[in-house]
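Peer 1: These protein sequences, in sequence, are chains A and B.
Heads up, the first sequence is in full-length UniProt numbering, so the first residue is 1 and it goes up one at a time.
Heads up, the second sequence is in full-length UniProt numbering, so the first residue is 1 and it goes up one at a time.
Note that these hints are calculated values from the structure, not bench results.
One thing to keep in mind: the hints can contain errors.
Claimed, not checked - Some chain B residues well away from chain A (every beta-carbon gap over 10 Å; in silico): (1) Lys157; (2) Gly241; (3) Gly316; (4) Asn325; (5) Tyr434; (6) Thr745.
Said to hold, decoys possible - Below, in silico cross-link-like pairs of lysine-lysine (DSBU-like), each with a Cα-Cα straight-line distance of 35 Å or less: (7) Lys336/B with Lys260/B; (8) Lys18/A with Lys33/A; (9) Lys109/A with Lys13/A; (10) Lys93/A with Lys149/B; (11) Lys31/B with Lys30/A; (12) Lys109/A with Lys284/B; (13) Lys463/B with Lys109/A; (14) Lys93/A with Lys463/B; (15) Lys188/B with Lys260/B; (16) Lys357/B with Lys188/B; (17) Lys18/A with Lys31/B; (18) Lys385/B with Lys364/B; (19) Lys226/B with Lys182/B; (20) Lys169/B with Lys18/A; (21) Lys417/B with Lys324/B; (22) Lys18/A with Lys463/B; (23) Lys188/B with Lys146/B; (24) Lys109/A with Lys188/B; (25) Lys182/B with Lys60/A; (26) Lys188/B with Lys80/B; (27) Lys60/A with Lys147/A; (28) Lys60/A with Lys357/B; (29) Lys93/A with Lys226/B; (30) Lys260/B with Lys93/A; (31) Lys133/A with Lys385/B; (32) Lys188/B with Lys169/B; (33) Lys336/B with Lys399/B; (34) Lys53/A with Lys146/B; (35) Lys149/B with Lys13/A; (36) Lys133/A with Lys169/B.
Stated by the list, open to error - Selected chain B positions facing chain A (Cβ under 7 Å, derived; list incomplete): (37) Leu89; (38) Asn107; (39) Lys110; (40) Gly129.
Glycine residues also receive a C-beta, built at the ideal position from the N, C-alpha and C atoms.
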Amino acid sequence: MMHFLLLFSRQGKLRLQKWFLPLPERERKKIVKDMTTMVLARKPRTCNFLHWKDLKIVYKRYASLYFCCALENQDNELMALETLHRYVELLDKYFGNVCELDIIFNFEKAYFILDELLMGGEIQETSKLSIVKSIEASDMLQETEQKRRSEHPSSSEIIQNTTCF
Amino acid sequence: MRMPAPIRLRELIRTIRTARTQAEEREMIQKECAAIRSSFREEDNTYRCRNVAKLLYMHMLGYPAHFGQLECLKLIASQKFTDKRIGYLGAMLLLDERQDVHLLMTNCIKNDLNHSTQYVQGLALCTLGCMGSSEMCRDLAGEVEKLLKTSNSYLRKKAALCAVHVIRKVPELMEMFLPATKNLLSEKNHGVLHTSVVLLTEMCERSPDMLSHFRKLVPQLVRILKNLIMSGYSPEHDVSGISDPFLQVRILRLLRILGKGDDDSSEAMNDILAQVATNTETSKNVGNAILYETVLTIMDIKSESGLRVLAINILGRFLLNNDKNIRYVALTSLLKTVQTDHNAVQRHRSTIVDCLKDLDVSIKRRAMELSFALVNGNNIRGMMKELLYFLDSCDPDFKADCASGIFLAAEKYAPSKRWHIDTIMRVLTTAGSYVRDDSVPNLIQLITNSVEMHAYTVQRLYKALLDDISQQPLVQVASWCIGEYGDLLVSGQCEEEEPIQVSEDEVLDVLEGLLVSNLSTPVTRGYSLTAIMKLSTRFSSLNRIKKVVSIYGSSIDVELQQRAVEYNALFKKYDHMRPALLERMPIMEKTATNGPSETVQTNGETDSTILDTKHLPSISQPASQANDLLDLLGGNDVVPIIQTTVPTKPASAGGELLDLLGDLSLTGGPTPTPASSVPMSQPPFLLDGLTSQPLFNDIAAVIPPMTAYNKNGLIIEFTFERSNPNPNIAVITIHATNSTEADMTEFVFQAAVPKTFQLQLLSPSSNVVPAFNQGSVTQVIRVLNPQKQQLRMRIKLTYTHKGSPVQDLAEVNNFPPQSWQ
């Protein structure tokens, strides 16, 4: 299983953190720091795999973002590259020509999409189409819910802010 | 007066990003947090969602957000989908099983698992499946099991992975999911199929009973895999022309587990494996990923030899791939198989050796390890050429390991003594400062035993010293040799090469130069002084030597001073003993192994060639202390202290043991016993490695082994040998095996004995005890028992098992009498 998945920029700023194991906050921060240091120090034409403690670290750079995940010994690291790529494809489909700014301003959406692709460190759906449909349906659910509220606002709701956030 | 609406998330993000300094950002964050806090206090339902979202953003920037935890729970409990979405996200980020608060989620999750909207159910399953604690899993396992049987594939696939998480947290619950697995594989939906295979894999890995039970699924799995390969283009699952590679890889992995050790299953999957291995498109990473998994499966099951050769050849082709990831993966896999399929891997030796020249550091390291594993009597000359070239040009991080590997290989397979000495010289001169300090005594022993090469060796070493005195291991070996064979050096006789003409004074100049040079370490000076002293029986310039020795009688360096004073005493009062004491060293016997070296593999030969003890990789060796122990009267002035340390554990761990020990004194663990205070007259028991008699003899066979520890699947056996020259020493080898289904990693063994004993713990063979008794960790303990008291021991074990740290203390009292009487 995957232990964690991180997205960070070339300057080491964290853009997304998904943890599949319970770890205290302090340790998470340390791991993020270790990963960003290690990965950003890698020379350009080296392979995408690293060893760290007893885990295999797989990372890939997409434009200004590094996607970095940690695998166990028996996991297939070449396939992990495909998983990371699949996630990027999904983000691209959703945002249309996705870039780092999309993920910065819509980080919650990035998480929602990830949660349709992975669960408990394992892949839960292999069909891109299926994931895209689920996200669209969930978004639709959210929209109709908000529309209904704006059409019939309760007295304590302020009308101007009908979108949640 | 109403508070204005809290600012929107995206606006906050925009604002924070305009901050030009860290301080400015912190100020903005603090201001917003204060606003959010008051909003929370007002129990505002409308904007709770917005505020928590903002909090999550600030949390990602590294700011504390714990005051939002309860708010996440409120969002989860809300009826609005929008709220739930953010609430569950917040829970996954801010809450984990360490917070007491998280249990409050259980009821909400339970309700949401039964919600009428599948997307709400999905949120609940996802949260439970990512971070549910053991208690939550226990409470909700029934709900998950129900959903595992639903016909809704969206929910079914999530329930399957949720079940995987439940089983990981509470393995005893595995049984209850068994009925639901009945027709999981007849699903058409790929998501459900994939997660079902993951669930089955998890169950098979954890329980041998489940494994036997699920073996009957092999034909079905083979059929599914076949359909994936043979089916036409399916746009929904296609990746570069391959149909659902994710599913293919997971099926291959499950087949690996089911086929391992089972002839029938292995046979049933032979054809499909061959088909995948030959038909998979290799132009893209995805095809190679499938081939990689296939190779791993072929190597692990009981496949026929043709299939195995096919697998190794795939790896051989991988080595030639332009993609460095593929090359890396190939080297790693070959390293795993080199023991079992040695000859097949040998065929790819030249490609592997070429990888030594790769630019990628990870690839170079793997190639180096694999190269050492492939060295044998036939290819030693060619391989050594490549390895020496590699040593010259590689990064400093590699040099120590490479040098050690070369010494080991040279010792095992040297075609001639001259070649051996030349190789050693080459390593010392090119990577002399990176060579491990424990190689010095090993090399000295080697040189001593190559009697006919003494003149050649000392000549070459002398010439090397004239060039460069900065590399301490080289200088130390050279000094020792000159001290020992100086007479041969000045005699002008050398068979192997043109003898050099050098006078006694020139030799003494060089040695004295070492004494005064800033480049020499205290240890080197010690060697040098002793060498000068030894030359007093080999040279005629006695006065000069006496003068040097007496000068150092007042050296600031205590070690040098002590030696000089003692040598002076030899001259003055014990001159009649001097010739005997400084006589030529006798041939030194090799000692038996204490466990395989960690960094260097054997070459896969099936004879149990024991590795030389002295190449134990040291993690933190106090080498200078080791070489301080010159015991002239004992006839040895070199001590190969095999005082290696147990990896990782901090010294505080010893403190805990001490509290419980009472009358037992603690040894073992990270701090090696400092040996420099041992008086000269009594050979320290650590010296046993280099005595001139064999250390172990037939007496060893008589002492019966015993089981020292047997708990939670970890069994530790002790086997015994008595040391021949010193009957007060018992050498215990521990063998740790693990019968559970998960590896025990970071395994550390520590031992403590009563005060009348002394204990030395050598380096363990590794710190992973593999599952299912697939291997063992061995470690040697030496116990000195001068008072012949009854041996008692307290042991402490620490390791990580299934992600959790385990620690245990035990008393070992049932030692067989022959081990201490």
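Peer 1: Work down the list of hints and note, for each, if the structure agrees.
Peer 2: Quick rundown of the hints versus the structure:
1. Listed as a non-interface residue, Lys157/B fails to keep its Cβ farther than 10 Å from every Cβ of chain A; the least gap is roughly 5 Å.
2. Non-interface call for Gly241/B relative to chain A: holds, since the shortest CB-CB distance, roughly 13 Å, exceeds 10 Å.
3. For Gly316/B, the condition that its CB be more than 10 Å from all CB atoms of chain A holds, with the nearest at approximately 17 Å.
4. Look at Asn325/B: its CB is around 5 Å from the nearest CB on chain A, not clear of 10 Å, so calling it non-interface is violated.
5. Interface exclusion of Tyr434/B from chain A stands, the closest Cβ pair being 21 Å apart, more than 10 Å.
6. Thr745/B, annotated as away from the interface, has a beta carbon of chain A within 10 Å; the closest lies near 6 Å.
7. Restraint check for Lys336/B and Lys260/B: the C-alpha separation of about 16 Å stays at or below 35 Å, so the hint holds.
8. Simply put, Lys18/A and Lys33/A have alpha-carbon atoms about 15 Å apart, close enough for the 35 Å limit, and the pair holds.
9. The hinted pair formed by Lys109/A and Lys13/A meets the criterion: a straight-line CA distance of about 18 Å does not exceed 35 Å.
10. The suggested pairing of Lys93/A with Lys149/B holds, with an alpha-carbon distance near 32 Å, which does not exceed 35 Å.
11. Distance hint between Lys31/B and Lys30/A is fulfilled; the C-alpha atoms sit about 27 Å from each other, no more than 35 Å.
12. Simply put, Lys109/A and Lys284/B have alpha-carbon atoms about 30 Å apart, close enough for the 35 Å limit, and the pair holds.
13. For a cut-off of 35 Å, the pair hint linking Lys463/B to Lys109/A is broken: about 71 Å separates their Cα positions.
14. For the given pair, Lys93/A sits about 70 Å from Lys463/B by alpha-carbon distance, which is inconsistent with the 35 Å threshold.
15. Distance hint between Lys188/B and Lys260/B is fulfilled; the C-alpha atoms sit about 27 Å from each other, no more than 35 Å.
16. With a CA separation close to 48 Å, the supplied pair Lys357/B and Lys188/B exceeds the 35 Å bound.
17. A distance of roughly 27 Å separates the Cα atoms of Lys18/A and Lys31/B; the hinted pair therefore holds under the 35 Å criterion.
18. For the given pair, Lys385/B sits about 16 Å from Lys364/B by alpha-carbon distance, which is consistent with the 35 Å threshold.
19. Proximity of Lys226/B to Lys182/B is assessed by CA-CA distance (about 21 Å); at most 35 Å being required, the pair is judged to hold.
20. Simply put, Lys169/B and Lys18/A have alpha-carbon atoms about 19 Å apart, close enough for the 35 Å limit, and the pair holds.
21. Annotation: proposed proximity of Lys417/B to Lys324/B is violated, straight-line Cα distance about 39 Å (limit 35 Å).
22. The suggested pairing of Lys18/A with Lys463/B is violated, with an alpha-carbon distance near 61 Å, which exceeds 35 Å.
23. For the hint pairing Lys188/B with Lys146/B, the CA-to-CA distance comes to about 20 Å; that is within 35 Å, so the pair holds.
24. For the hint linking Lys109/A to Lys188/B, the alpha-carbon distance of about 29 Å falls within 35 Å, and the restraint holds.
25. Between Lys182/B and Lys60/A the CA atoms are separated by roughly 39 Å; this puts the pair beyond 35 Å, and the hint is violated.
26. Our distance criterion of 35 Å between C-alpha atoms is met by Lys188/B and Lys80/B, whose separation comes to about 33 Å.
27. A distance of roughly 40 Å separates the Cα atoms of Lys60/A and Lys147/A; the hinted pair therefore is violated under the 35 Å criterion.
28. Simply put, Lys60/A and Lys357/B have alpha-carbon atoms about 24 Å apart, close enough for the 35 Å limit, and the pair holds.
29. For the proposed pair Lys93/A and Lys226/B, the alpha carbon gap of about 31 Å is at most 35 Å, so the pair holds.
30. The suggested pairing of Lys260/B with Lys93/A is violated, with an alpha-carbon distance near 41 Å, which exceeds 35 Å.
31. A threshold of 35 Å between alpha carbons decides the hint, and for Lys133/A with Lys385/B the separation of about 60 Å lies outside it, so the pair is violated.
32. At roughly 29 Å between alpha-carbon atoms, Lys188/B and Lys169/B fall within 35 Å of each other, so this suggested pair holds.
33. Of the supplied pair hints, the one linking Lys336/B and Lys399/B holds, its CA atoms being roughly 23 Å apart against a limit of 35 Å.
34. With a CA separation close to 38 Å, the supplied pair Lys53/A and Lys146/B exceeds the 35 Å bound.
35. For the hint pairing Lys149/B with Lys13/A, the CA-to-CA distance comes to about 43 Å; that exceeds 35 Å, so the pair is violated.
36. Distance check on the hinted pair: Lys133/A and Lys169/B sit about 31 Å apart at the alpha-carbon level, within 35 Å; holds.
37. A distance limit of 7 Å between C-beta atoms decides the matter here; for Leu89/B the minimum to chain A is near 6 Å, and the interface restraint holds.
38. This hint is violated: Asn107/B has a C-beta 20 Å from the nearest C-beta of chain A, more than the 7 Å allowed.
39. Because the closest C-beta pair between Lys110/B and chain A is about 18 Å apart, greater than 7 Å, the hint is violated.
40. Proximity of Gly129/B to chain A holds as hinted, the smallest CB-CB distance being about 5 Å (cut-off 7 Å).
The structure shown violates the earlier hints numbered 1, 4, 6, 13, 14, 16, 21, 22, 25, 27, 30, 31, 34, 35, 38, 39.
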